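Chemist: As numbered in numbering that gives the first Met the number 0, residues 0 to 270 make up the sequence shown, in order.
Among the clues, some could well be false.
[Unchecked claim] Straight-line distance between alpha carbons at most 20 Å, and here's what the computed SDA-like set of lysine to any residue pairs gives:
hint	residue 1	residue 2
1	K8	G207
2	K8	N212
3	K8	L176
4	K8	N256
5	K59	K89
6	K8	L61
7	K243	N256
8	K191	L176
9	K119	P78
10	K119	T106
11	K89	D145
12	K111	Y146
13	K8	A265
14	K231	L246
15	K165	Y146
16	K8	F208
17	K30	P78
18	K245	H158
19	K165	E91
20	K191	I92
21	K224	K243
22	K231	Y41
23	K119	F97
FYI, nobody ran anything at the bench for these hints, they're computed from the structure.
Bear in mind that the values here come from a model prediction, so they are computed numbers and not experimental data.
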Amino acid sequence: MKNTHSNIKVIVSDLDGTLLNSNHQITPETKAVFHQLYQNGYTIIIATGRHHIDAQAIIKGLDIPLYLVTSNGARIHSPNQELLFAYDIKSEIVASVFQLDIDPTITTVLFKEEVWLTSKTNKKINSFQRDLSYPPEVVDFSTLRDYSAIKLFFTHDSHEVLQDLKDQILETHSDYLCHAFSLPFCLEFMDKSVDKSVAIGRILHKEGFTFENTIAFGDGFNDEKMLDAVAKGLIMQNAPDTLKNKLKHLEVIASNNDNAVADYIAQNILR
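Please construct the entire structure, taking both the sequences and the accompanying hints into account.
Modeler: Pasting the structure below:
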(Lines of atoms letter the chains of each structure in order from A; the text may use other names.)
(Lines give C-alpha, C1' and ligand atoms only; values in the text may rest on other atoms or scores of the structure.)
Protein backbone atom coordinates (compact mmCIF):
# COMPACT_ATOMS: atom_id res chain seq x y z
CA MET A 0 0.00 0.00 0.00
CA LYS A 1 1.29 3.44 -0.89
CA ASN A 2 1.96 5.84 1.99
CA THR A 3 -0.57 8.29 0.58
CA HIS A 4 -3.30 5.69 1.12
CA SER A 5 -2.25 4.19 4.44
CA ASN A 6 -4.51 6.49 6.44
CA ILE A 7 -7.59 5.96 4.26
CA LYS A 8 -10.54 4.44 6.14
CA VAL A 9 -13.47 5.90 4.19
CA ILE A 10 -14.34 5.48 0.49
CA VAL A 11 -16.74 7.96 -1.12
CA SER A 12 -18.09 7.67 -4.66
CA ASP A 13 -20.57 9.50 -6.84
CA LEU A 14 -22.88 7.30 -8.95
CA ASP A 15 -23.61 8.58 -12.49
CA GLY A 16 -20.49 9.09 -14.58
CA THR A 17 -18.37 7.63 -11.78
CA LEU A 18 -19.34 4.30 -10.21
CA LEU A 19 -21.98 3.50 -12.84
CA ASN A 20 -21.17 2.84 -16.48
CA SER A 21 -22.92 4.75 -19.25
CA ASN A 22 -25.88 2.32 -19.00
CA HIS A 23 -26.27 3.46 -15.35
CA GLN A 24 -25.25 0.01 -14.13
CA ILE A 25 -22.86 -1.39 -11.51
CA THR A 26 -20.52 -3.91 -13.15
CA PRO A 27 -19.61 -7.27 -11.55
CA GLU A 28 -15.99 -6.01 -11.19
CA THR A 29 -17.16 -2.98 -9.21
CA LYS A 30 -19.41 -5.11 -7.01
CA ALA A 31 -16.53 -7.50 -6.22
CA VAL A 32 -14.17 -4.67 -5.22
CA PHE A 33 -16.75 -3.01 -2.97
CA HIS A 34 -17.42 -6.36 -1.28
CA GLN A 35 -13.70 -6.54 -0.53
CA LEU A 36 -13.76 -3.03 0.90
CA TYR A 37 -16.64 -3.93 3.18
CA GLN A 38 -14.96 -7.17 4.29
CA ASN A 39 -11.82 -5.20 5.10
CA GLY A 40 -13.72 -2.82 7.38
CA TYR A 41 -13.79 0.34 5.26
CA THR A 42 -16.66 2.81 5.72
CA ILE A 43 -18.37 3.25 2.35
CA ILE A 44 -20.38 6.33 1.32
CA ILE A 45 -22.29 6.75 -1.93
CA ALA A 46 -22.90 10.47 -2.58
CA THR A 47 -25.21 11.30 -5.48
CA GLY A 48 -27.52 13.95 -6.84
CA ARG A 49 -30.20 11.29 -7.30
CA HIS A 50 -33.26 11.02 -5.06
CA HIS A 51 -32.88 8.42 -2.29
CA ILE A 52 -35.60 6.08 -3.61
CA ASP A 53 -33.95 6.09 -7.03
CA ALA A 54 -30.44 5.64 -5.57
CA GLN A 55 -31.49 2.85 -3.19
CA ALA A 56 -32.77 0.82 -6.16
CA ILE A 57 -29.33 1.12 -7.76
CA ILE A 58 -27.09 0.44 -4.75
CA LYS A 59 -28.96 -2.79 -4.08
CA GLY A 60 -26.63 -4.04 -6.82
CA LEU A 61 -23.65 -3.62 -4.49
CA ASP A 62 -25.36 -5.80 -1.85
CA ILE A 63 -23.44 -4.33 1.13
CA PRO A 64 -24.35 -1.94 3.97
CA LEU A 65 -23.26 1.64 3.23
CA TYR A 66 -24.08 5.26 3.92
CA LEU A 67 -26.16 6.99 1.26
CA VAL A 68 -25.99 10.75 0.63
CA THR A 69 -28.65 11.80 -1.89
CA SER A 70 -30.02 14.93 -3.57
CA ASN A 71 -26.51 16.41 -3.24
CA GLY A 72 -26.65 16.20 0.56
CA ALA A 73 -30.30 16.97 1.34
CA ARG A 74 -30.77 13.41 2.63
CA ILE A 75 -28.49 11.03 4.55
CA HIS A 76 -29.43 7.38 5.13
CA SER A 77 -27.49 5.00 7.38
CA PRO A 78 -26.25 1.53 6.32
CA ASN A 79 -29.49 0.07 7.73
CA GLN A 80 -31.48 2.62 5.63
CA GLU A 81 -32.46 4.77 8.61
CA LEU A 82 -32.99 8.44 7.71
CA LEU A 83 -30.32 10.43 9.58
CA PHE A 84 -30.70 13.88 8.03
CA ALA A 85 -33.25 15.67 5.86
CA TYR A 86 -33.49 19.25 4.64
CA ASP A 87 -35.93 20.64 2.08
CA ILE A 88 -36.24 23.91 0.20
CA LYS A 89 -39.08 25.92 1.77
CA SER A 90 -42.30 26.16 -0.25
CA GLU A 91 -42.27 29.96 -0.49
CA ILE A 92 -38.72 29.98 -1.93
CA VAL A 93 -39.64 27.54 -4.72
CA ALA A 94 -42.89 29.41 -5.40
CA SER A 95 -40.95 32.66 -5.86
CA VAL A 96 -38.59 30.95 -8.34
CA PHE A 97 -41.62 29.86 -10.37
CA GLN A 98 -42.74 33.49 -10.55
CA LEU A 99 -39.67 34.23 -12.68
CA ASP A 100 -39.94 34.19 -16.47
CA ILE A 101 -38.48 30.70 -17.07
CA ASP A 102 -37.84 29.64 -20.67
CA PRO A 103 -40.70 27.19 -21.52
CA THR A 104 -38.32 24.91 -23.46
CA ILE A 105 -36.64 24.02 -20.16
CA THR A 106 -37.94 20.95 -18.33
CA THR A 107 -38.62 21.82 -14.68
CA VAL A 108 -38.74 19.16 -11.96
CA LEU A 109 -39.60 19.27 -8.26
CA PHE A 110 -38.21 16.30 -6.36
CA LYS A 111 -40.46 15.54 -3.40
CA GLU A 112 -40.32 12.73 -0.86
CA GLU A 113 -42.39 10.14 -2.72
CA VAL A 114 -42.79 11.55 -6.24
CA TRP A 115 -41.12 13.86 -8.72
CA LEU A 116 -43.29 16.48 -10.33
CA THR A 117 -42.29 17.58 -13.83
CA SER A 118 -43.48 20.21 -16.30
CA LYS A 119 -43.22 17.75 -19.20
CA THR A 120 -42.16 14.19 -20.05
CA ASN A 121 -38.42 14.07 -20.72
CA LYS A 122 -37.12 10.78 -22.15
CA LYS A 123 -33.49 11.77 -21.55
CA ILE A 124 -34.06 12.13 -17.81
CA ASN A 125 -36.35 9.08 -17.63
CA SER A 126 -33.55 6.97 -19.18
CA PHE A 127 -31.53 7.41 -15.96
CA GLN A 128 -33.97 5.12 -14.17
CA ARG A 129 -33.77 1.40 -14.81
CA ASP A 130 -36.94 0.71 -12.84
CA LEU A 131 -39.41 3.50 -12.25
CA SER A 132 -39.50 2.97 -8.49
CA TYR A 133 -39.82 6.73 -8.16
CA PRO A 134 -42.29 7.69 -10.94
CA PRO A 135 -42.58 11.11 -12.60
CA GLU A 136 -45.88 12.96 -12.54
CA VAL A 137 -46.53 15.69 -15.13
CA VAL A 138 -48.24 18.67 -13.45
CA ASP A 139 -49.17 22.29 -14.00
CA PHE A 140 -46.95 23.97 -11.41
CA SER A 141 -49.25 26.99 -11.19
CA THR A 142 -51.88 24.75 -9.52
CA LEU A 143 -49.67 23.52 -6.65
CA ARG A 144 -50.25 24.57 -3.08
CA ASP A 145 -47.14 23.06 -1.52
CA TYR A 146 -43.92 23.80 -3.41
CA SER A 147 -41.54 22.47 -0.75
CA ALA A 148 -39.00 20.12 -2.29
CA ILE A 149 -35.84 18.17 -1.65
CA LYS A 150 -34.39 19.59 -4.87
CA LEU A 151 -35.38 21.92 -7.70
CA PHE A 152 -34.11 20.62 -11.04
CA PHE A 153 -33.92 22.01 -14.57
CA THR A 154 -32.75 20.31 -17.75
CA HIS A 155 -32.18 21.54 -21.32
CA ASP A 156 -29.99 20.36 -24.20
CA SER A 157 -28.19 23.73 -24.17
CA HIS A 158 -25.79 24.32 -21.27
CA GLU A 159 -25.83 28.05 -22.11
CA VAL A 160 -29.61 28.22 -21.63
CA LEU A 161 -29.19 26.65 -18.18
CA GLN A 162 -26.31 29.02 -17.36
CA ASP A 163 -28.60 31.96 -18.10
CA LEU A 164 -31.32 30.44 -15.90
CA LYS A 165 -28.80 29.88 -13.08
CA ASP A 166 -27.79 33.56 -13.21
CA GLN A 167 -31.43 34.63 -13.34
CA ILE A 168 -32.37 32.60 -10.23
CA LEU A 169 -29.27 33.47 -8.20
CA GLU A 170 -29.74 37.18 -8.87
CA THR A 171 -32.69 37.12 -6.46
CA HIS A 172 -32.25 33.84 -4.53
CA SER A 173 -28.53 33.51 -3.71
CA ASP A 174 -29.26 33.97 0.02
CA TYR A 175 -31.56 30.93 0.01
CA LEU A 176 -30.33 28.51 -2.66
CA CYS A 177 -27.11 26.85 -3.75
CA HIS A 178 -26.71 25.30 -7.19
CA ALA A 179 -24.79 22.52 -8.93
CA PHE A 180 -24.44 21.22 -12.47
CA SER A 181 -24.45 17.44 -11.94
CA LEU A 182 -24.14 17.20 -15.74
CA PRO A 183 -23.85 20.02 -18.31
CA PHE A 184 -27.56 19.55 -19.10
CA CYS A 185 -28.69 19.18 -15.45
CA LEU A 186 -28.98 22.27 -13.22
CA GLU A 187 -29.96 21.61 -9.62
CA PHE A 188 -30.87 23.90 -6.72
CA MET A 189 -30.90 22.91 -3.07
CA ASP A 190 -31.23 24.81 0.20
CA LYS A 191 -28.17 27.00 0.82
CA SER A 192 -26.99 24.71 3.65
CA VAL A 193 -26.89 21.58 1.47
CA ASP A 194 -23.75 20.14 -0.17
CA LYS A 195 -22.30 16.65 -0.57
CA SER A 196 -19.20 17.68 1.39
CA VAL A 197 -21.30 18.91 4.35
CA ALA A 198 -23.26 15.64 4.43
CA ILE A 199 -20.05 13.59 4.24
CA GLY A 200 -18.64 15.64 7.10
CA ARG A 201 -21.66 14.67 9.23
CA ILE A 202 -21.03 10.98 8.54
CA LEU A 203 -17.31 11.27 9.24
CA HIS A 204 -18.02 12.92 12.59
CA LYS A 205 -20.50 10.14 13.47
CA GLU A 206 -17.94 7.45 12.56
CA GLY A 207 -15.01 9.15 14.31
CA PHE A 208 -13.08 9.94 11.12
CA THR A 209 -12.04 13.14 9.31
CA PHE A 210 -11.61 14.17 5.69
CA GLU A 211 -7.94 13.18 6.11
CA ASN A 212 -9.12 9.55 6.35
CA THR A 213 -11.17 9.83 3.18
CA ILE A 214 -10.78 9.22 -0.56
CA ALA A 215 -13.46 10.33 -3.04
CA PHE A 216 -14.32 9.79 -6.71
CA GLY A 217 -16.49 12.09 -8.83
CA ASP A 218 -17.15 13.60 -12.24
CA GLY A 219 -19.55 16.53 -11.78
CA PHE A 220 -19.58 20.07 -10.43
CA ASN A 221 -21.78 18.80 -7.59
CA ASP A 222 -18.68 16.75 -6.56
CA GLU A 223 -16.29 19.73 -6.54
CA LYS A 224 -16.28 20.59 -2.81
CA MET A 225 -16.28 16.89 -1.88
CA LEU A 226 -13.26 16.15 -4.10
CA ASP A 227 -11.37 19.16 -2.77
CA ALA A 228 -12.11 18.41 0.90
CA VAL A 229 -10.82 14.84 1.14
CA ALA A 230 -7.25 13.58 1.54
CA LYS A 231 -7.34 12.18 -2.00
CA GLY A 232 -9.85 13.37 -4.59
CA LEU A 233 -9.96 11.60 -7.95
CA ILE A 234 -11.64 12.97 -11.07
CA MET A 235 -13.03 10.74 -13.79
CA GLN A 236 -11.58 11.08 -17.28
CA ASN A 237 -15.14 11.65 -18.59
CA ALA A 238 -15.64 14.69 -16.33
CA PRO A 239 -16.05 18.10 -18.01
CA ASP A 240 -12.74 19.79 -18.87
CA THR A 241 -13.88 22.85 -16.95
CA LEU A 242 -14.02 20.78 -13.74
CA LYS A 243 -10.61 19.22 -14.42
CA ASN A 244 -9.15 22.68 -15.02
CA LYS A 245 -10.73 24.02 -11.83
CA LEU A 246 -9.23 21.14 -9.81
CA LYS A 247 -5.89 20.88 -11.63
CA HIS A 248 -4.16 19.71 -8.44
CA LEU A 249 -6.22 16.50 -8.40
CA GLU A 250 -5.43 13.28 -10.23
CA VAL A 251 -7.55 12.24 -13.22
CA ILE A 252 -8.21 8.49 -13.59
CA ALA A 253 -9.84 6.50 -16.43
CA SER A 254 -13.51 6.73 -17.38
CA ASN A 255 -16.62 5.29 -15.76
CA ASN A 256 -16.88 2.80 -18.65
CA ASP A 257 -13.45 1.37 -17.74
CA ASN A 258 -14.28 0.37 -14.14
CA ALA A 259 -11.88 3.13 -13.13
CA VAL A 260 -13.10 3.45 -9.52
CA ALA A 261 -12.86 -0.30 -8.90
CA ASP A 262 -9.45 -0.54 -10.61
CA TYR A 263 -8.01 2.35 -8.60
CA ILE A 264 -9.26 0.87 -5.31
CA ALA A 265 -7.95 -2.60 -6.18
CA GLN A 266 -4.48 -1.29 -7.12
CA ASN A 267 -4.03 1.36 -4.42
CA ILE A 268 -6.28 0.62 -1.43
CA LEU A 269 -6.77 -3.15 -1.31
CA ARG A 270 -3.34 -4.14 -2.61
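Chemist: Hints numbered earlier in the text: which of these fail when held up against the supplied structure?
Modeler: As far as the earlier hints go, 3, 4, 5 and 9 are violated by this structure, in ascending order.
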